[in-house]
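Q: Take a look at the letters that make up each chain.
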Amino acid sequence: QTAWDMPTPYPATNFHTENIQKFADDVAQASVGKLKITVHANGSLYKANEIKRAVQGGQAQIGEVLLSSLANEDALYALDTVPFLATSYADALKLWRASRAAVEARLAKNGLKLLYAVAWPPQGIYSKTALNSMADLKGIKIRSYSPTVARMIELMGAQPVTVQAADLTQALSTGVVSANLTSSATGYDSKSWEQLDYYFDVQAWLPKNIVFVSQKAFDALDGATRQAVLDAAAAAETRGWKLSEEKTAWYVDQLKTNGMKVLPPSDALRADLLQVGERMAAEWVEKAGADGQAILAAYRK
Amino acid sequence: MDLTIAAILIGTMLVLLAGGLWIGLALMAIGILGLFGFTPRAPGDGLAVAVWGVNSSWTLTALPLFLWMGEILFRTRMSEDLFSGLAPWLERLPGRLLHTNVIGCTLFAAVSGSSAATCATIGKIALPELTRRGYPESMALGTLAGAGTLGLLIPPSIIMIVYGVSADVSIAKLFIGGVLPGVMLAVLFMGWVVLWSLLNRDRIPPADLRTGFADKIRASRNLIPVILLIGGVLGSIYAGIATATEAAAIGVIGSLIIAASQRSLTRRSFIEALLGATRLYCMIALILGGSAFLTLAMGYIGLPRHLAEWIATLGLTPGMLLLVLAVFFVVLGCFLDGISIVVLTMAVLLPTIQAAGIDPLWFGIFVVVMVEMAQITPPVGFNLFVLQGLTGRQITTIARYALPYFLLMVLAVVLLYVFPGLVTWLPAHMMG
Amino acid sequence: MRAFLDFLYRLSGALAAVGMVGTLVMVSTGIVSRPLGIYLPGTDDYAGYAMAACGFLALAYTFKHGEHIRVSLVLERTGPRLRRALEWFSLAGATVVAGMLAWHAVHLAWESHAFGDVSQGVDATPLWIPQLSMAFGTVVLLIALVDDLVLTTLGRTPARLAGAGAEAARME
Ligand code: NA
Ligand code: NA
Numbered sequence: 001q002t003a004w005d006m007p008t009p010y011p012a013t014n015f016h017t018e019n020i021q022k023f024a025d026d027v028a029q030a031s032v033g034k035l036k037i038t039v040h041a042n043g044s045l046y047k048a049n050e051i052k053r054a055v056q057g058g059q060a061q062i063g064e065v066l067l068s069s070l071a072n073e074d075a076l077y078a079l080d081t082v083p084f085l086a087t088s089y090a091d092a093l094k095l096w097r098a099s100r101a102a103v104e105a106r107l108a109k110n111g112l113k114l115l116y117a118v119a120w121p122p123q124g125i126y127s128k129t130a131l132n133s134m135a136d137l138k139g140i141k142i143r144s145y146s147p148t149v150a151r152m153i154e155l156m157g158a159q160p161v162t163v164q165a166a167d168l169t170q171a172l173s174t175g176v177v178s179a180n181l182t183s184s185a186t187g188y189d190s191k192s193w194e195q196l197d198y199y200f201d202v203q204a205w206l207p208k209n210i211v212f213v214s215q216k217a218f219d220a221l222d223g224a225t226r227q228a229v230l231d232a233a234a235a236a237e238t239r240g241w242k243l244s245e246e247k248t249a250w251y252v253d254q255l256k257t258n259g260m261k262v263l264p265p266s267d268a269l270r271a272d273l274l275q276v277g278e279r280m281a282a283e284w285v286e287k288a289g290a291d292g293q294a295i296l297a298a299y300r301k
Numbered sequence: 302m303d304l305t306i307a308a309i310l311i312g313t314m315l316v317l318l319a320g321g322l323w324i325g326l327a328l329m330a331i332g333i334l335g336l337f338g339f340t341p342r343a344p345g346d347g348l349a350v351a352v353w354g355v356n357s358s359w360t361l362t363a364l365p366l367f368l369w370m371g372e373i374l375f376r377t378r379m380s381e382d383l384f385s386g387l388a389p390w391l392e393r394l395p396g397r398l399l400h401t402n403v404i405g406c407t408l409f410a411a412v413s414g415s416s417a418a419t420c421a422t423i424g425k426i427a428l429p430e431l432t433r434r435g436y437p438e439s440m441a442l443g444t445l446a447g448a449g450t451l452g453l454l455i456p457p458s459i460i461m462i463v464y465g466v467s468a469d470v471s472i473a474k475l476f477i478g479g480v481l482p483g484v485m486l487a488v489l490f491m492g493w494v495v496l497w498s499l500l501n502r503d504r505i506p507p508a509d510l511r512t513g514f515a516d517k518i519r520a521s522r523n524l525i526p527v528i529l530l531i532g533g534v535l536g537s538i539y540a541g542i543a544t545a546t547e548a549a550a551i552g553v554i555g556s557l558i559i560a561a562s563q564r565s566l567t568r569r570s571f572i573e574a575l576l577g578a579t580r581l582y583c584m585i586a587l588i589l590g591g592s593a594f595l596t597l598a599m600g601y602i603g604l605p606r607h608l609a610e611w612i613a614t615l616g617l618t619p620g621m622l623l624l625v626l627a628v629f630f631v632v633l634g635c636f637l638d639g640i641s642i643v644v645l646t647m648a649v650l651l652p653t654i655q656a657a658g659i660d661p662l663w664f665g666i667f668v669v670v671m672v673e674m675a676q677i678t679p680p681v682g683f684n685l686f687v688l689q690g691l692t693g694r695q696i697t698t699i700a701r702y703a704l705p706y707f708l709l710m711v712l713a714v715v716l717l718y719v720f721p722g723l724v725t726w727l728p729a730h731m732m733g
Numbered sequence: 734m735r736a737f738l739d740f741l742y743r744l745s746g747a748l749a750a751v752g753m754v755g756t757l758v759m760v761s762t763g764i765v766s767r768p769l770g771i772y773l774p775g776t777d778d779y780a781g782y783a784m785a786a787c788g789f790l791a792l793a794y795t796f797k798h799g800e801h802i803r804v805s806l807v808l809e810r811t812g813p814r815l816r817r818a819l820e821w822f823s824l825a826g827a828t829v830v831a832g833m834l835a836w837h838a839v840h841l842a843w844e845s846h847a848f849g850d851v852s853q854g855v856d857a858t859p860l861w862i863p864q865l866s867m868a869f870g871t872v873v874l875l876i877a878l879v880d881d882l883v884l885t886t887l888g889r890t891p892a893r894l895a896g897a898g899a900e901a902a903r904m905e
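Chains as they are written, first to last, in the working numbering: chain B, 1 to 301; chain S, 302 to 733; chain R, 734 to 905.
No lab work stands behind these hints, which were simulated from the structure alone. Hints are supplied without guarantee of correctness; some may be wrong.
Chain S residues, not near chain R, derived (Cβ > 12 Å throughout) [stated by the list, open to error]:
no. : residue
1   : Gly312
2   : Ala549
3   : Ala627
4   : Ala729
5   : Met731
Derived contacts from chain R toward chain B, CB cut-off under 8 Å, selection only [claimed, not checked]:
no. : residue
6   : Asp739
7   : Gly763
8   : Arg767
9   : Glu820
10  : Gly826
11  : Gly832
12  : Phe848
13  : Asp850
14  : Gln853
15  : Trp861
16  : Val883
17  : Thr885
18  : Ala892
Facing chain S, according to a computed beta carbon distance under 10 Å, are these residues of chain B, among others [unchecked claim]:
no. : residue
19  : Ala3
20  : Thr17
21  : Ala171
22  : Asp189
23  : Leu221
24  : Thr225
Glycine included, C-beta positions come from ideal geometry on N, C-alpha and C.
Given these sequences and hints, build the entire structure.
A: Okay, structure coming up:
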């Protein structure tokens, strides 16, 4: 019997983690107990930013990370956070199909085998004040947590501010920051209605989590078990995307139920934001080079 | 099997510690032994990743800065001022200046999110003055060890953030929910000091000269720097100038300003304070590293997880469940630090808690009080380490001094169980 | 040799103090830049690296001040011969553990370089650079432990750095 340890970053109740737990159960069943995957949720074994490294270094055999958290390594990983490029589940899936092979090849260079990816609900803007056009964003302090997000905030005329996740609740209630870019899911999990009043469902992008395994650990399995892992992964991908889409409507509903003003972006705001998106897509192509150009062309076809 | 592993690891830890191995290194040794002995994983990079991860994380930056602040203030007139300002007001309260430890920790807890920083900062300021005035060491160190843990219960609090994220509970509600229990614990501690002092009148040094009200007010002028400093740090948080983590930097700069204004800031005192803080922080950092690695090893071995799973299968009534969990947390708390306990067990415990109909907000405060106990139980208790670092006394001695405060926390948990409104009333009324 | 070793411990301690100042500067910069409307990416990450440098580089310096804590209850209650033996064993044990730590710390930095591991924050720092502080600090701690172990084996008393133990905060 082989035992794998699987560190994941999100709490046990998060739908990504629930999906992974089901994946682990499926693997155990299909391999008739030959492969047992222990899921260590919520960064309890390795923290979010240590997980890829741990699998690469052989400390863990399989893991989950937010794909765009690897963007500093390669611009390719930032594709799903280029704002307003793919704003629906159908588009996000199309974008994933266009870019999957490239991501797989890039991870293979680190000795990692990609198993599957699942999207998060679309990202919106949480704020204390109404945002009717980009002029309303001028000078507003928005939390920045990655280079892409920082750039987007700058292009929107707002001020990116560094606040760590641990300090966010307090930073929002004391005004260190007054707006936040995140998904309906995260906004629900962090109970953002306690600090913020508006949710603008601008659907900027759908980031993805990826699940990957150490190629060495994978190759050490027998043929049947390998197939069991691949089958369970394929099932988890289909199930995860469906789950994510179903949950989105529920999350948005919950925001409303808890007294948040949930609004679509005004036409003026949407037009302004689309311009930001186009500019950032162009900047991304510049960084990602010919390969990036090819992926984008395939997606837009 | 799990029991054998636990017995072997705990036994080895006690032998290594008693043999005089440095604590941080002893924790690493246990982690290494656990991984080699009971898992197919080699310690390897995990050792370095865990030690690096905990020591380079942003949330920890408040700790060294607060330690530095304490070292700066220790070299100013701050502590004399604090005591001469408070003494006239406390002269009639049995226990007199011992209460400054509890009051100081309670106030500082509103500034700092950690127990070690609270204990170290107030300890650095108050201990020399209490010693000089002849207060008994057992009470001076005991109150500090106990009240220092309020850093976790009175907001801001790092452990509440960790629990809130793991348990999907509002961090803002947890913060507010901790206020009344925190005040209650402070009152319990002060009550104990009063009781002890009444029973041991001869061991409390006599009051300075009796003073009239006008003298009291005049003496209170000495408190202005302290009030400005705490007000400045707290104000920076609530005015939105700094986050709770960043506020420590305001504390350091504020204490440098106080030192300069009292002309006690010289090149020499600056360097001494800086090096002193560096060593004190380094002492804690090594233990934090060892503790992080032991937590990683526990994650691989699965001991806390299996125990929590076993408790979940018992099918207990809510009251019995809480009793069993309290024992479980106290035992884990002897060997692991609070954040590790929460991270390693919450995923397994929460469904059980919810199934038993226990309010996760209330449970969060319950867990925080249990984690407070863990700070003062040997062999691994961070307040004990801080106080050993400050005074050179043995951990076992300090733990004995801290025992009454441990028991008061047990009493506090019972009170919270009987009066759950202590936790839930304030959040419900302030946040709807 | 003695002079060189003591210089090494002091140098490492001085660099650690610079790390403490760096932590303060980075956190303060973060606070000040916000109201000014300036975006300085990565101050939080740099504060973490500076703090790490402070903790790791001070390891040997703190050890040589006798300020890493341990339970000396048993040590203090034994006769001189047994005490020497116990001291030797705890130093030997510490050397083994510190040796593993130093080895893996160096390996971590080396592998971060080989993997091209980059921080995931806005700072995008190649991680081997800040991790050098852990590699250097743990190696110097190992040297300090070997130093004491050799002296104890030869029957001599390990030397503390000058000025150690004079802390006024101590209650004794
Ligand atoms: Na606090
Ligand atoms: Na403890």
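Q: Could you tell me which of the hints above the structure violates, numbers in ascending order?
A: Violated hints (numbers, rising): 2, 6, 9, 10, 11, 15, 16, 17, 18, 23, 24; every other hint is consistent with the structure.
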